[in-house]
Amino acid sequence: MSTLLKVENIETYIGQYHILQGVSFEVKKGEVTVLLGRNGAGKTTSLRTVMGLTPPSSGKIIYKGEEIQGLPTFKTASKGIGYVPEDQGIFGDLTVEENMKVAMKKQDGETKDRMNWVIDLFPDLKKFWKKAGGNLSGGQKQMLSIARAYLNNNDLILIDEPSKGLAPIVVEKVMQSIVEMKERTTILLVEQNFIMASKIGDRFYIIDDGTSVHDGKMEMLVKDDEMKKKYLGIA
Amino acid sequence: MDLIINLALNGLATGMLIFLLAAGLTLIFGLMDVLNFAHGGLFAWGAYSGVWVYALTESFVLGIMGALLTGLILGMITEKFIIQPVYGNHVQQILITLGFMLVLSELLKVVWGPNQLSTSAPDYLAGSWVIGEVIIIKYRVFIIAVGFLVFGIVQLVLNKTRVGLVVRAGVMNKEMVEAFGINIKKVFMYVFMVGSALAALGGILLAPYSGVIYAEMGMEFAILAFIVVVIGGMGSFPGSLFAAILVGLTGSFMTYYVPELSLAVNMILMALVLVFRPQGLFTVKG
Chain E
1 MSTLLKVENI
11 ETYIGQYHIL
21 QGVSFEVKKG
31 EVTVLLGRNG
41 AGKTTSLRTV
51 MGLTPPSSGK
61 IIYKGEEIQG
71 LPTFKTASKG
81 IGYVPEDQGI
91 FGDLTVEENM
101 KVAMKKQDGE
111 TKDRMNWVID
121 LFPDLKKFWK
131 KAGGNLSGGQ
141 KQMLSIARAY
151 LNNNDLILID
161 EPSKGLAPIV
171 VEKVMQSIVE
181 MKERTTILLV
191 EQNFIMASKI
201 GDRFYIIDDG
211 TSVHDGKMEM
221 LVKDDEMKKK
231 YLGIA
Chain F
1 MDLIINLALN
11 GLATGMLIFL
21 LAAGLTLIFG
31 LMDVLNFAHG
41 GLFAWGAYSG
51 VWVYALTESF
61 VLGIMGALLT
71 GLILGMITEK
81 FIIQPVYGNH
91 VQQILITLGF
101 MLVLSELLKV
111 VWGPNQLSTS
121 APDYLAGSWV
131 IGEVIIIKYR
141 VFIIAVGFLV
151 FGIVQLVLNK
161 TRVGLVVRAG
171 VMNKEMVEAF
181 GINIKKVFMY
191 VFMVGSALAA
201 LGGILLAPYS
211 GVIYAEMGME
221 FAILAFIVVV
231 IGGMGSFPGS
241 LFAAILVGLT
251 GSFMTYYVPE
261 LSLAVNMILM
271 ALVLVFRPQG
281 LFTVKG
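From first to last, the protein sequence lines are chains E and F. All letters in the first sequence, in the order written, are residues 1 to 235 by this note's numbering. All letters in the second sequence, in the order written, are residues 1 to 286 by this note's numbering.
The set of hints was computed from the structure by calculation and includes no laboratory data. Glycine included, C-beta positions come from ideal geometry on N, C-alpha and C. Be careful, since some hints might not be right.
Simulated pairs of lysine to any residue, SDA-like, Cα-Cα distance not exceeding 20 Å [as the list claims (entries may be wrong)]:
1) Lys186/F with Lys223/E
2) Lys105/E with Lys186/F
3) Lys173/E with Thr185/E
4) Lys105/E with Lys185/F
5) Lys160/F with Glu97/E
6) Lys174/F with Asp87/E
7) Lys105/E with Gly113/F
8) Lys101/E with Ser118/F
9) Lys174/F with Val187/F
10) Lys223/E with Ser198/E
11) Lys217/E with Gln192/E
For each label pair, taking beta carbons as the anchor points, the in silico distance ranges come out as [what the hints assert, rightly or not]:
12) Gln279/F with Lys28/E: 46 to 54 Å
13) Asn39/E with Lys185/F: 30 to 38 Å
14) Gln279/F with Lys127/E: 28 to 36 Å
15) Gly40/E with Leu274/F: 36 to 44 Å
16) Ile119/E with Glu216/F: 38 to 46 Å
17) Ile195/E with Thr161/F: 41 to 49 Å
Looking at chain E on its own, in the form it has when it is part of the complex (with noise of 0.2 Å):
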């Protein structure tokens, strides 16, 4: 399977902190692969870095062939890559529909395909369509977060925690969406949930105090007892 995306010991700061101190990973086309790791350890921020929302100071992100480490956000994300944070980023004050427009950035019939497909995957948000995006409960942002990521063409999409904060029967729901999804683009998944990344993931990195430690497939870590319980902190 060819390789979309590869972060090549990359190395980012927030403010005086070193806080990615050599991270790389590679995510093939197709699959999903899971950034995992304890609290702290630089998952949410390898995705912010590959963003551009904090651009690395030494390393490379390679986008289907392309270097694109220091490129403004706006641009990586023109390049076909779908973000959703771990906040969400719903804005608040529009409703779903005006979340959904903002995201569109045409409006022609793939754009219109794959919109429908989405409303088809989260029912929800045709529901509430004209509700004001700050008063949908956590596991609808979530779902509206990740169709507004897919609404683009973006043959990547990252997504972080999805499943942070909410009720387990919203985040099997949330998990099944990801499984469809994944059948039509590629995604790198940022989760601490290990049950839903086990389940949905093909492919595993960990990261731990801010460097990539091991990676492999995600059938070998789910048997792998013994560094589950020293980098994830279970059994």
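Given the coordinates of chain E, assemble chain F onto it according to the supplied hints.
Leaving out everything else, chain F in the frame of chain E:
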């Protein structure tokens, strides 16, 4: 009764002038959260450049266009060189824009001299209509009409177009708008330019209304505009319109009936709003 109608019309026209200045500030301060004390300077530059073009060409319409162009250009310069480095830092914004306000004001004197300039409305807007005992000054009606027109256009753009949607979204979450492939910096620069052009429009419209313009007029009106944005509610256009008319009308009636209080009345209004409804009369949901 005719006195009340005259006072009301006078107040409404003054309110509309304040609205034009406050409209730009609602965009810049209310929506983009930039404390731009140089806004009054753009107002004064609009007045001077507009009056200059008006005198040169004898066309008031060209004068208005000249003012708008000055506002757009000065707005671009202000945003790019003065505001961009201090986004998100209110203290620095106050310091640098107050300084820039002084620069703008002094530069007016360099270009047009220290004396005040006088001007008058063009013939087709001069004079008045007399209906019974009521005298309606044409130019005031014109200002009121322009005020409502500007309000309508801005409301339409903000609420019915994609640009307006992006601006509203960008105010709530810049990063997320960027993550959708939109260059929000550029969008904000355009918003700042439009806000500055509105201030300049207020300036040129004020010139024939008051008859004279002077370099310090910007500061005086800018304070009124800040009061209006606070009373109306940050970022609310209908709020600014309502508050500007309220300030205009109260000023007009108080000056006639309780002149001793006329200077304090705006501050009292703002204090009352801040005590009882600190978020302003019209609130935009955060």
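**Q.** Pairwise beta carbon distance, Gln279/F to Lys127/E, judged against the given window 28 to 36 Å
**A.** About 30 Å separates the Cβ atoms of Gln279/F and Lys127/E, which means 28 to 36 Å holds.
Q.
Does Asp87/E sit within 20 Å of Lys174/F, going by the straight-line distance between their CA atoms?
A. Cα-Cα ~14 Å, so holds.
Q: Kindly confirm whether 38 to 46 Å is satisfied by the beta carbon distance between Ile119/E and Glu216/F.
A: violated, 57 Å
Q) Under the criterion that the straight-line Cα-Cα distance not exceed 20 Å, is the pair Lys105/E, Lys185/F satisfied? A) holds, 17 Å
**Q.** Restraint status (C-alpha distance of Lys217/E to Gln192/E at most 20 Å)
**A.** Status holds; Cα separation ~17 Å.
Q) Taking 41 to 49 Å as the hint, is the beta-carbon distance of Ile195/E and Thr161/F inside that range? A) With Cβ atoms ~45 Å apart, the hint holds.
Q. Is it true that the CA of Lys101/E sits at most 20 Å from the CA of Ser118/F?
A. violated, 49 Å
(Q) Check whether the Cα positions of Lys186/F and Lys223/E lie no farther apart than 20 Å. (A) Answer violated: Lys186/F to Lys223/E is near 51 Å, above 20 Å.
Q: Quickly compare the C-alpha distance for Lys160/F and Glu97/E to 20 Å and report which way the hint goes.
A: holds, 13 Å
Q. Has the given pair, Lys174/F with Val187/F, been kept, meaning a C-alpha gap of at most 20 Å?
A. Status holds; Cα separation ~11 Å.
Q: Given the hint that Lys173/E pairs with Thr185/E, test it: the Cα-Cα distance must not exceed 20 Å.
A: At roughly 18 Å apart (the allowed maximum being 20 Å), Thr185/E and Lys173/E satisfy the hint.
**Q.** Restraint status (C-alpha distance of Lys105/E to Lys186/F at most 20 Å)
**A.** holds, 16 Å
Hints 1, 7, 8, 16 from the earlier list are contradicted by this structure; the remaining hints agree with it.
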